[in-house]
Amino acid sequence: MNETLTALAIIFVQLSLIAFGGGNTTLPEMHRQVVDVHHWMTSADFAALYALAQAAPGPNMMVVPLIGWNVAGAAGMAVTTLAIFGPSSILTVVALRLWHGFRNPVWRQAIQGGLVPISVGLVAASATIITRTVDHTWVFAAITAASAFAATRTRLHPLWLLAAGGAIGWTGFGQ
Amino acid sequence: MTETDTQAPTLAGLFQGFLILGLTGFGGVLPLARHMVVEKQRWLTGTEFTELLGLCQFLPGGNIINLSVAIGLRFHGVRGAMAALVGLIAAPLAVVLALGVVYARYRGDPHVVHMFAGLAAAAAGLLVSMAIKIALPLRRKPVSIALAVIVFTAIAGFHLPLVPTMLVMAPISIFTVMKVRA
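As they're listed, the protein sequences go chains A and B. Every letter in the first sequence is one number past the one before it in the working numbering, and letter 133, counting from 1, is 133. Throughout, the working numbering is defined as the position within the second sequence, counted from one, plus 1000.
One or more of the hints may lead you astray.
Unchecked claim - Across the chosen pairs, the derived CB separations fall in these ranges: (1) Arg132(A) <-> Gln1007(B): 43 to 53 Å; (2) Met1178(B) <-> His157(A): 30 to 40 Å; (3) Arg155(A) <-> Gln1007(B): 26 to 36 Å; (4) Leu1136(B) <-> Arg132(A): 18 to 28 Å; (5) Ala74(A) <-> Ile1020(B): 21 to 31 Å; (6) Gly1054(B) <-> Gly174(A): 38 to 48 Å; (7) Ala74(A) <-> Arg1140(B): 47 to 57 Å; (8) Pro1110(B) <-> Trp99(A): 50 to 60 Å; (9) Pro1110(B) <-> Arg132(A): 21 to 31 Å; (10) Pro1161(B) <-> Arg108(A): 23 to 33 Å; (11) Gly174(A) <-> Thr1047(B): 49 to 59 Å; (12) Asn2(A) <-> Met1178(B): 39 to 49 Å.
By construction, these hints were calculated from the structure, which means they are not laboratory data. Beta carbons: idealized from backbone N, C-alpha and C, even for Gly.
Just chain A, same shape as in the assembly:
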């Protein structure tokens, strides 16, 4: 148990500190660690937990405590929550104390601009890995495509898309 908690802590502390461009950039690494390296859950379970976290309100990193809870119960949830939110928050506190150094726009913009292609590559990888996991029938592939289209081209609230996907799934159509 302690080994599991330590492993969870190490994984999510690392992810906390390298999550440039928001939480979604770290999904592939989360998936790799949780499914491929540690075999704590199947890829389908991972995708389901991700979907649950998307259906809940709040920051999009909420999949992390959910993973912790599934792997190691309440202790796992506590450890992963502290590990994912703690280090980046401490870094924010330190950075704000050194605020004036960060006001120099030249190198700050260079770093910020340089990280954009990385974020794009990582989010695209996240989308590919999650899609590969969930779309094993044409119905699911169609739900993903329709949801992607609607979210890109309309101003429909994401919750409607999730609800529609869940409702179509519920009928068992095409499965």
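Based on these hints, arrange chain B on the given structure of chain A.
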């Protein structure tokens, strides 16, 4: 809005403000955060908010997480940062846990399994959409596209670990983008 229009929140006010934000922010808290912090509560001016957000986006971690820490810290130091952060994640944590319990309890029921599969397919679509939206500004920047494709292939194609990939690609990308501005 001028500087004099803003007013500092109390510690409890910080907690409460971010608690409501966490409860109401579906599919993206950031637009709501600006509304609450600048327009409703008037803790910061619009310019202050944008400046603080710029720093938070520059740092690792969720933007809204960092922003809650930054705003809390500004008014009540480390205690304020903790009040804002805990307020922000408390309610979503409870909701996510409740959904997780439902999933674990009924995962034997085919209807529930199918429903969560459909939910996951729709959630995947949201992620595809986000990838498209953040990729679009790169469309006339071939060098940036090449860098993004390398990262994508390393992670999604070869399943390379993120930390070494970042350690190699981040400096290359920062240096290249600075040099060629593309």
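Has the hinted range 30 to 40 Å been met by the Cβ atoms of Met1178(B) and His157(A)? For His157(A) against Met1178(B), whose Cβ atoms are near 39 Å apart, the range 30 to 40 Å holds.
Could you check the hint for me, namely that Pro1110(B) and Arg132(A) are 21 to 31 Å apart, CB to CB? 23 Å, holds
Does the Cβ pair Asn2(A), Met1178(B) satisfy 39 to 49 Å? 45 Å, holds
Does the Cβ distance between Arg155(A) and Gln1007(B) fall inside 26 to 36 Å? 33 Å, holds
Okay, Ala74(A) versus Ile1020(B) on CB: inside 21 to 31 Å? 26 Å, holds
Lying within 23 to 33 Å: is that true of the beta-carbon distance Pro1161(B) to Arg108(A)? Distance hint for Pro1161(B), Arg108(A) holds at roughly 28 Å.
Given the hint of 47 to 57 Å, is the C-beta distance from Ala74(A) to Arg1140(B) inside that range or not? Because 50 Å falls inside the window, the suggested range holds.
Gly174(A) and Thr1047(B), beta-carbon distance inside 49 to 59 Å? For Gly174(A) and Thr1047(B) the Cβ distance comes to about 52 Å; the hint holds.
Assuming the hint says 18 to 28 Å, is it satisfied by the Cβ distance from Leu1136(B) to Arg132(A) or not? Cβ of Leu1136(B) to Cβ of Arg132(A): about 23 Å, so the range 18 to 28 Å holds.
Beta-carbon spacing of Arg132(A) to Gln1007(B) - inside the hinted bounds 43 to 53 Å or not: Since Arg132(A) and Gln1007(B) have Cβ atoms about 50 Å apart, the given range 43 to 53 Å holds.
Whether the CB-CB distance between Pro1110(B) and Trp99(A) falls inside 50 to 60 Å: 55 Å, holds
CB-CB spacing for Gly174(A) and Gly1054(B) relative to the 38 to 48 Å hint: 46 Å Cβ-Cβ, so the 38 to 48 Å window holds.
The earlier numbered hints are all upheld by this structure, with none contradicted.
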